[in-house]
Amino acid sequence: MTGRTRVVLWIVFLAACAAVASQAHFTTDLSAFLPRSPTPSQRILVDQLRAGVVSQVILIGVQGAPQDKLAQVSNALVERLAQAPEFAYASNGAQERMEADGKFLLRNRYLLSPGVTAERFTASGLRTALQDDLDLLASSMGTLVSGLLPRDPTGEFLRLLETFQLAGGPERREGVWFSGDGTRAVLIAQTRAKGFDIDAQEHALQRLRELFGDVSKEHGAPAAQLIAVGPGVFAVGTRAAIKKDVSRISALAVVLVSCLLLIVYRSPRVLLLTLLPVVTGAIAGIAAVSLAFGSVHGITLGFGATLLGEGVDYAIYLFTSAASKGVSDPAVGRLWRTLRLGVLTSVCGFGVMLLSDFSGLAQLGLFSIVGLVIAFAVTRLVLPQLVPAGYRAQPLIMLGPSLLKLVEAAPRLRYPLIVLVLLCAGWLVSRGGNLWDDRLENLSPVAEADKQWYARLQSDLGAPDARYLVVAAESTQQGALDAAEQIGQALETLQSSGAVAGFESPARILPSDRAQRRRQAALPDTGVLQRNLAEAARGLPFRVEQFQPFLDDTASAKVAPLLRGADLDGTGLKVRLDSLLAERQEGWLAMLSLRGVRDADAVAAALHRLDRSSIHLLDLKREADDLYRGYRHQALIFALIGVAAIAALLLVSLHSPRRTWDVLAPLVASLLVTTAALTIGGRQLSMFHLVGMLLVVGVGSNYTLFFERQSFAGGDPQRTVTALAVCNVSTAIGFGMLALARAPVLSAIGTTVALGAFLSLAFSAILAGRLHR
Amino acid sequence: MISGMGRRTSRKAWIQLLVVLTLAAPLACAGAEPSWSLDQLMIELGRVQHAKARFVERKYLKLLTQPLELTGTLEYRAPDHLERRTLTPKPESFVVDGDVLTLENARGQRRTLALQDNAVLWAFVESIRSTLKGDLGALRRFYDVSLEGGEKSWQLSLNPKQPRMSAIISMILIGGTDGKIGTIEIREAKGDRSVMTVHEEGA
Chain A
1 MTGRTRVVLW IVFLAACAAV ASQAHFTTDL SAFLPRSPTP SQRILVDQLR
51 AGVVSQVILI GVQGAPQDKL AQVSNALVER LAQAPEFAYA SNGAQERMEA
101 DGKFLLRNRY LLSPGVTAER FTASGLRTAL QDDLDLLASS MGTLVSGLLP
151 RDPTGEFLRL LETFQLAGGP ERREGVWFSG DGTRAVLIAQ TRAKGFDIDA
201 QEHALQRLRE LFGDVSKEHG APAAQLIAVG PGVFAVGTRA AIKKDVSRIS
251 ALAVVLVSCL LLIVYRSPRV LLLTLLPVVT GAIAGIAAVS LAFGSVHGIT
301 LGFGATLLGE GVDYAIYLFT SAASKGVSDP AVGRLWRTLR LGVLTSVCGF
351 GVMLLSDFSG LAQLGLFSIV GLVIAFAVTR LVLPQLVPAG YRAQPLIMLG
401 PSLLKLVEAA PRLRYPLIVL VLLCAGWLVS RGGNLWDDRL ENLSPVAEAD
451 KQWYARLQSD LGAPDARYLV VAAESTQQGA LDAAEQIGQA LETLQSSGAV
501 AGFESPARIL PSDRAQRRRQ AALPDTGVLQ RNLAEAARGL PFRVEQFQPF
551 LDDTASAKVA PLLRGADLDG TGLKVRLDSL LAERQEGWLA MLSLRGVRDA
601 DAVAAALHRL DRSSIHLLDL KREADDLYRG YRHQALIFAL IGVAAIAALL
651 LVSLHSPRRT WDVLAPLVAS LLVTTAALTI GGRQLSMFHL VGMLLVVGVG
701 SNYTLFFERQ SFAGGDPQRT VTALAVCNVS TAIGFGMLAL ARAPVLSAIG
751 TTVALGAFLS LAFSAILAGR LHR
Chain B
1 MISGMGRRTS RKAWIQLLVV LTLAAPLACA GAEPSWSLDQ LMIELGRVQH
51 AKARFVERKY LKLLTQPLEL TGTLEYRAPD HLERRTLTPK PESFVVDGDV
101 LTLENARGQR RTLALQDNAV LWAFVESIRS TLKGDLGALR RFYDVSLEGG
151 EKSWQLSLNP KQPRMSAIIS MILIGGTDGK IGTIEIREAK GDRSVMTVHE
201 EGA
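Listed in order, the protein sequences are those of chains A and B. Taking our numbering, I'd label the letters of the first sequence as residues 1 to 773. Taking our numbering, I'd label the letters of the second sequence as residues 1 to 203.
Any given hint might turn out to be false.
To be verified - In silico BS3-like pairs for lysine-lysine, Cα to Cα no more than 30 Å straight-line: (1) Lys103/A with Lys161/B; (2) Lys161/B with Lys69/A; (3) Lys558/A with Lys62/B; (4) Lys190/B with Lys103/A; (5) Lys62/B with Lys103/A.
None of these hints come from the bench; they were simulated from the model. All values derive from a computational prediction rather than experimental measurement.
Kindly generate the complete structure, drawing on both the sequences and the hints.
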């Protein structure tokens, strides 16, 4: 193949890759960087978080104005939100907005109330009820009851109100929800769009901000501030942050690496030629990820910066050596072999990421592998065609001697280094299990301040902590409601024994058809009921004829059509129902959230006795943390496999255990020191740091290898050491820029590799004394 | 986070109504003595720093063939402490201190509420507290106030200004002698009424 053909093929390849890459679909869905859940119930959970009602809820706070103004803004805002097409529901606690719920409960009390049993409507059941009523009338509740009793002597409505009453709850000022300290009006809104539809979420958020701007001006509170938080809001913010981070990081890396090259080589031509392989590699990497995964994650693009740092190495080595003279030169042959081995060790490191259960990490792995291999191939096959024969880049004259002096002096630090490494190892051992941060939520890129606002508004709104959840997955809606009723009975027993303080069930808001029919059947015919009531009231001071509304309501309830989900439309109960009962691909899911769980084992045992395989108890926090620990364990194993593969590769290529050790020893030292440095001050490591450590071995080995192989015996040692230093610094820049990213995956990997790669080369020089003297 | 919406409606209504029930009222004499004015009455009332009394309350309800009777104690301590303890037929307490209302029933269940959060409740409490305090300004914030009778037998009529309040209570009538309240009658919009007679202790 002639040189010209190679160039043409390269251009064709580049064009093809660019075509694929330009069609790529970019995502920023962060669930790619969360583990895929292994159990069905956990998958359900992740789905709900992604697409469930929870994901559509926006918690809103309004502050920075006097209380009456805040209340006016709150009322006006909820009014506008209710009309906005982007929102399905909005509430600020104002009484008028709650009326729909109360009416629904009152109207449908005989289908909804668990108190509706045949015994309750016998003469003796009714007598008990009337005696209770008399006590109530004499209490301070009397006035309310006296209005209701003619319709509801058995107290079904009051019972429903009690059922839907939970501990806590928002405070009210001026008739609307406020935070406890009265400085913040709080509202809740639900978008029509699903949480994962980030474009729509962004649109809804935009609309919310506009409406707020309008109403705050109209009500003379232009200084009032809006706080909006929720999963959808976070997704929008995260996307914007990733977009901004990725472009900022890439731009910074390009500028810094370019400056470095310009300063050292003072040649725009060297700069352009050096960037060619990297750009080709990056485009090919994007194309490969797009083809393999169907979409490219924004974070993967962020990783392009690292490719830049590492990919420029090959061209720099090429220009430094006499490589462009042709392969006949034995020194050039050795260079290519060293570089090839370096690429292979890097590929080993990134290759292990392909096995990861985090699809995001697998993308990063594929992108880096393809990018490096292509950058190397372009350097090897195409670049020599584009430069004149014998072309060599001239680095800054004074750089070589001083670097060489440093290299020669470095071995003196050998013993201090050994002491340092031992200290670091001791430190890490002493930290023990405390070294790892096993909380999944810490992998989230949502800013700490936003998380705090979310928690604050949640507590303003009196939301229960949804740590424990009982889940029932059934093929039909009725099946799910049946299961929820069965679970509810078990939970009521636990509630009376104090094992749980309370729970929410979808079947309380929408009972199963079976339960509704059972209640209808429990209501006697009007004639029978009238006789029972008259008998019950004998000797009590009631005017029985006042109870006509009761007779009318039971008669119509007995033949009323059964309640459907649609009957709840327009009520706050509907939003609640939707968060507890969801349709998904495989069927229906009922979720019962528990409050005040004091004895989780008793709950688990009671559910086990129900003997339904579709029912699971989830301790969300523990499940999530367990899941994460499992993934960290997996990452550790993969990292060890990666390191072993790299060691084996070196052993095979170098044909010498001693030389292999010489290459690995600085890496081990670098890993220990880097890890210790990252954990200074009680900081903890995430699994992304672990991935970073694997890459320290994969990437750092390039430098230790080069240092060992290109021993400064032959050739031009000054030039070689300069090239090595430039390559190392450019890699440190590439990964170092990632440390600025807000996504923990990027910053953790970036920090670890930047420091680790730099230390690998430094430690190579320090430990080399023994090798070369 | 979506929890607790439905019941809130009624908890509020509940409390408004419950409060209404709580105190009661009149017997009044008319007999105009033109020299006797509202301002004078307020000054008289405002002199009392502390008062404690027993009460008997009768509730006349459409639903019942005979009135319900409750007994207990009422206590006022200037400027803003008001407390009503029902002793029969079921013990209950209703204590207002500043802006905070605390309710406790026979089973020891306790509820605390801020008056500011509930305009109707606030209006109701002020009908009695502001009267005891002699604070005409506060009374007029919630009611149209008119006075009949003379120093030895006066009657204040309070007509709620806010529609939300008048939907529940059509009128409150407070009668008394000099600086002391003798009766409180509450007439509800739907026709029920309650009458509370107060006998000051040690008076």
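Hint check:
1. Lys103/A with Lys161/B: Cα-Cα ~27 Å, so holds.
2. Lys161/B with Lys69/A: holds (22 Å)
3. Lys558/A with Lys62/B: holds (28 Å)
4. Lys190/B with Lys103/A: Satisfied, since the Cα-Cα distance of roughly 19 Å is no more than 30 Å.
5. Lys62/B with Lys103/A: With a Cα-Cα distance of about 24 Å, the restraint between Lys62/B and Lys103/A holds, given a limit of 30 Å.
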